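Student: Take a look at the letters that make up each chain.
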Amino acid sequence: MLVQDIMTRQVVAIGPDMPIKDVNALMEQRNIRHFPILESGGSGPARLTGEAPDDAVDRLVGIVSDRDLRLVGAEHPMAPAGVAAVDPVRRVMVSPVLTAHPLDPIEETAKTLREHKIGAMPVMDGDRLVGIVTGIDMLDALVRMSGVYEAATRLEVEVPNRPGALASLLAAIAERKHNVSSVMTSRADAESVTFVLRVSTVDGRRLAHHLRDAGFVVLWPIDKTPTS
Amino acid sequence: MSEGAAPSGGSTPSVRFVYDASLAAYELAPEHPFRPERLELTRTLLEATGALDREAYADVGPLTERELARVHATRYIDAVKRASRGDAGDEAYAFGLGTGDNPVFPNMHEAVLRVCAATVSAVELVASGAATRAVNLAGGLHHAMHAKASGFCVYNDLALGIRRAVDAHGLRVAYLDLDVHHGDGVQWLFYDTPDVMTIGLHESGRYLFPGTGHTYETGRGPGRGLAVNMPLEPFTEDASFLEAFETVVPRALEAFRPDLIVLQAGADMHRDDPLADLSVSLAAMGASYRRVVELSEALTGGRLVATGGGGYDPYRTVPRAWSLLWAAVAGVTLPERVPETWRERWAGSSALPLPETMVDDPSSWPPVPRRATVSSHNRAVAARLMEVLETIWAERGTDAEATRHDDREGPG
Ligand SMILES: [Zn+2]
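In order, the protein sequences belong to chains A and B.
Take the first sequence: its letters are residues 1 to 228, numbered as in this note's numbering.
Take the second sequence: its letters are residues 229 to 640, numbered as in this note's numbering.
Here chain A stands alone, though its shape is the one from the complex:
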């Protein structure tokens, strides 16, 4: 999955000269926590990318989040010195900006967000702002990748860490005519890998039984004996 598959394409952008208090109000009003800042926006109103034909020449000069604005004007040791709510947002914006490319794999982007402890990244195609991607978008993508929207049973299977091990596991499941809606790695070392699979069957225990018979180490579901 790539950034372009999960990013928000209609981005609300502002200019560097918008007063901080207006930015605050805009965040509240539109329920948005991050605004990319475009040079040509000046002190004018916020706009959606794609609205103006001169987007191509709009230079991204910064980004501002609710975190950057929270302490403006407050009596607080961490408050930005000498900045008031009437000042332009360029006084508190973060620059230069970490950006993503539409074709970046999302796991790379997630790693960057975490490493720099930031909540969002503008997505740039060359010089052009084409979207924004946030931590919440990442979580949504993860949920989709884990296949939880398909009715399925969760199976945990440990296989040797060597070529073909996963293929033979999937073949054994296909033999029982069950569909696999997702495969994820939950743990791996030099010897073995534990896969979490979501399989479209109610009877996960019977499937586990067949897999054990075929020599696989099934960690969930566990076996069960009836009471006598």
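Worth flagging that the hints you see were computed from the coordinates, not collected in a lab.
This one's a predicted model, so the numbers in the text were calculated from it and none came from an experiment.
Backbone N, C-alpha and C fix where the C-beta goes; we use that ideal spot for every residue, glycine too.
Hints may be right or wrong, so weigh each one.
Said to hold, decoys possible - Rough simulated footprint, nothing fancy, chain B against chain A, three-plus residues with beta-carbon under 8 angstroms:
hint, segment
1, 151-165
2, 171-178
3, 199-205
Please arrange chain B with the ligand on chain A, whose structure you already have, making use of the hints.
Tutor: Frame of chain A; chain B with the ligand shown alone:
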């Protein structure tokens, strides 16, 4: 008289057992865990105990394809019919047909339509006032989706029954699902419907099919707050199950004020069910069924429809569980011992020895792992669930109040 059932006092309301032999034709495959024999096993056990009279039987009425199409996509119905005739194409797979769980069998469409007709008949009997309560043990196909077979279920008889009650009779319906698996099909079909509340207690989707039924699934739009999900930890035992039931179900029903309760009583919550992981006994399952009857007496004028559902220990657990269900619904007491005549009749078919008593003894079972953690976890989840729902219900109440106010002031 030791083997006979006796009315537990008071005037017996009219309670019907919707049944005919055609319902057993819903057999997915000979080796399939979903066993239609469960019907005959239960019916003969009930007759042996004297709990089921001839007069209680009710016929299965008709169900048109037009009504079927109120719940299922016509392209899906067509695919089921084609598969049923033996020409399932490649597209069948996209509809969940021809899989390990839902293999195609001859006359599948007719067989499952019959099961659906039986549940709709049960609803019709109760909604029209011809009966107070009605049961269809062949029903309970709660996983079937709008355009997809899933989890052994081809058409959703429960959704069809609920639609009949809502559309033809204008009733508000509370659907209560006590199957160990989350009733995802019914939930999604009514997820944004204001006339239907779905309530389910089930093993957590983190461990069991279908993987949904989380507390945060609470309904959408006009149905917000009307999906109630109480996931239970694996190895949940009687006391914790009943505690969770009491925390969630009475209050949810009270908040919704239904006209009819539809109960899906899958028997797979039991300790011996081979497909799931809860440790509930027959005694607790029976207690929960009796409680549902009590709640329907208090809240819906007694109107209750009950179906079967899952249950994959067909000889030992299911017939006893569903006998307890019928006994609760019919207001009769079962004998303590399983009648010898029944045991003799079925002994040759069961791989394991048939039980001697109508309920089992959980104190003889091996202790479950993490017992204290399981109960305290369930308790915390139930408390948090109710906290969230109470907030939504309070908003709904205010909205409903406002709507009523508007109605009064608006033009006549
Ligand atoms: Zn079930």
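Student: For every hint, state whether the structure bears it out.
Tutor: Each hint tested on the structure:
no. : hint    : in the structure
1   : 151-165 : holds (count 4)
2   : 171-178 : holds (count 3)
3   : 199-205 : holds (count 6)
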